[in-house]
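S.K.: If you want the building blocks of each chain, they are given just below.
There are 4 protein chains.
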Amino acid sequence: MPFSHFRTVRFADTDAAGVVFFANYLAICHEAYEEALAVAGLDLKSFFAAHAVVVPIARSEAAYLRPLHPGDKLRVVVTPAALTADSFALSFEIFRVGPPEKLAARARTEHVCIAAATRQRLPLPPVLAAWVNAG
Amino acid sequence: MPFSHFRTVRFADTDAAGVVFFANYLAICHEAYEEALAVAGLDLKSFFAAHAVVVPIARSEAAYLRPLHPGDKLRVVVTPAALTADSFALSFEIFRVGPPEKLAARARTEHVCIAAATRQRLPLPPVLAAWVNAG
Amino acid sequence: MPFSHFRTVRFADTDAAGVVFFANYLAICHEAYEEALAVAGLDLKSFFAAHAVVVPIARSEAAYLRPLHPGDKLRVVVTPAALTADSFALSFEIFRVGPPEKLAARARTEHVCIAAATRQRLPLPPVLAAWVNAG
Amino acid sequence: MPFSHFRTVRFADTDAAGVVFFANYLAICHEAYEEALAVAGLDLKSFFAAHAVVVPIARSEAAYLRPLHPGDKLRVVVTPAALTADSFALSFEIFRVGPPEKLAARARTEHVCIAAATRQRLPLPPVLAAWVNAG
Numbered sequence: 001m002p003f004s005h006f007r008t009v010r011f012a013d014t015d016a017a018g019v020v021f022f023a024n025y026l027a028i029c030h031e032a033y034e035e036a037l038a039v040a041g042l043d044l045k046s047f048f049a050a051h052a053v054v055v056p057i058a059r060s061e062a063a064y065l066r067p068l069h070p071g072d073k074l075r076v077v078v079t080p081a082a083l084t085a086d087s088f089a090l091s092f093e094i095f096r097v098g099p100p101e102k103l104a105a106r107a108r109t110e111h112v113c114i115a116a117a118t119r120q121r122l123p124l125p126p127v128l129a130a131w132v133n134a135g
Numbered sequence: 001m002p003f004s005h006f007r008t009v010r011f012a013d014t015d016a017a018g019v020v021f022f023a024n025y026l027a028i029c030h031e032a033y034e035e036a037l038a039v040a041g042l043d044l045k046s047f048f049a050a051h052a053v054v055v056p057i058a059r060s061e062a063a064y065l066r067p068l069h070p071g072d073k074l075r076v077v078v079t080p081a082a083l084t085a086d087s088f089a090l091s092f093e094i095f096r097v098g099p100p101e102k103l104a105a106r107a108r109t110e111h112v113c114i115a116a117a118t119r120q121r122l123p124l125p126p127v128l129a130a131w132v133n134a135g
Numbered sequence: 001m002p003f004s005h006f007r008t009v010r011f012a013d014t015d016a017a018g019v020v021f022f023a024n025y026l027a028i029c030h031e032a033y034e035e036a037l038a039v040a041g042l043d044l045k046s047f048f049a050a051h052a053v054v055v056p057i058a059r060s061e062a063a064y065l066r067p068l069h070p071g072d073k074l075r076v077v078v079t080p081a082a083l084t085a086d087s088f089a090l091s092f093e094i095f096r097v098g099p100p101e102k103l104a105a106r107a108r109t110e111h112v113c114i115a116a117a118t119r120q121r122l123p124l125p126p127v128l129a130a131w132v133n134a135g
Numbered sequence: 001m002p003f004s005h006f007r008t009v010r011f012a013d014t015d016a017a018g019v020v021f022f023a024n025y026l027a028i029c030h031e032a033y034e035e036a037l038a039v040a041g042l043d044l045k046s047f048f049a050a051h052a053v054v055v056p057i058a059r060s061e062a063a064y065l066r067p068l069h070p071g072d073k074l075r076v077v078v079t080p081a082a083l084t085a086d087s088f089a090l091s092f093e094i095f096r097v098g099p100p101e102k103l104a105a106r107a108r109t110e111h112v113c114i115a116a117a118t119r120q121r122l123p124l125p126p127v128l129a130a131w132v133n134a135g
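Protein chains in written order, with the working numbering: chain A, 1 to 135; chain B, 1 to 135; chain C, 1 to 135; chain D, 1 to 135.
Just chain A, same shape as in the assembly:
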């Protein structure tokens, strides 16, 4: 079962057009990623510190299908997928909770594991690889 993160749209997410600013859809996806890792027992901050790695985002893409307004309830589905030994992808679907539930956006990010000190690529630490492969 893919992971679902629940979130309410806030005024701070929106802009003067009255709806969520396009870049903030990606911030909301990242929240869902952080929450998915936390639920799996992986705290990003202490994990990175412990392994001396960082996992920056190398690419992102998003399709914005519906506007989102303050107070809208969201469900964000996160699905990881392995790419290479040192990288993985996350697929996101942002639903506006209904009824009826409506798909509001799709996004995808690619993450590369690198040494914090040298910024050279490193294989994913096993616990992170396990989370990715559990998809």
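Please keep in mind that the hints were generated in silico from the structure rather than gathered at the bench. Any given hint could be a false lead.
[Claimed, not checked] No more than 30 Å apart at the CA atoms, straight line, and that leaves these computed lysine-lysine pairs for DSS-like:
1) Lys45/D <-> Lys102/B
2) Lys45/B <-> Lys45/A
3) Lys45/C <-> Lys45/B
We have chain A already, so just place chains B, C and D on it with the hints.
M.R.: For chains B, C and D alone, coordinates are given in the frame of chain A:
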């Protein structure tokens, strides 16, 4: 009983100092205000539209007592208090959930009710006044 | 000559990883778009109001090539391109100013012109089409 | 002569009420502080690293006098003042550039110098104290 809003600190809340950016404590307080109103059946967006009013913030103040890190669990307590017929104040306490729970910040905002069209002061609509007075 | 927008990285753009949060690269691109329109005499807010249209972003993609730190000076190049009668694309290159200047990110957004009231697709107003076609 | 920072309001600064979100006035003040330090030859990031200190904000307050819209041109005046050997205050005035120029907000922040490692109070490094005292 004052209202408590629960929230996890996200990477997007923080800055390069590693902790929540000072202005984002206020954004987190505003989220708690939005949630408190929603729980009371008051959706800010439709409420403002229906009453042709807006309730901008005229003043804010905050005391930052502890740094907050990604993954920290927060409890934000919101307490409204009447000021005049057309204004009210909100007191906020941001706790980092424990054990032990620690007070991380205090904040206060003042809100003034004005006509959306003319920006002249107007008495609070009764349903909003009732929420404030239930404090 | 494509338009260049100059911008300094601020603490508020960054996160606890010490560098600009990935979603904020897109916010910086949008700033450059707003500035390019303003320089062309097109104020987004009054333009949208006057024409009763909005031009939401339907898709975005970005490749993040280098981390950006507080204080880094950026040059953001914006290049519009026509897609259809009711849509256009913007290509962005974010350079970290040198010497030597380094490409830090590439991004692309697709924008669709719709009626503000009905959200049905409309041809770009002529002044916006002219800006796009001047590329 | 106090330092002036010039800045245009962007869509990302605003919320669904159509104007700059109250917490973002403080983020704009912090930008002006970063720029004032940079112009004085003090890069916050390398400065903090070099002196093993951080200078977190202990208090903030703001009075919001006028709404600010996308495209508005701002001038932010920053005035430092010494408080104690290990702390200082910054006063900010945000003007909407005219003609006529109008005061849109006043803010004030208090900053405390602490050791990055122990978080114990430390006297301001001389170069920072000099900037504060030049007020």
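S.K.: The structure should be examined with respect to each hint, and the outcome stated for every one.
M.R.: Structure-based check of each hint:
1. Lys45/D <-> Lys102/B: Judged against 30 Å, a Cα distance of about 29 Å means the pair holds.
2. Lys45/B <-> Lys45/A: violated (35 Å)
3. Lys45/C <-> Lys45/B: holds (20 Å)
Of the numbered hints given earlier, the model fails hint 2 alone.
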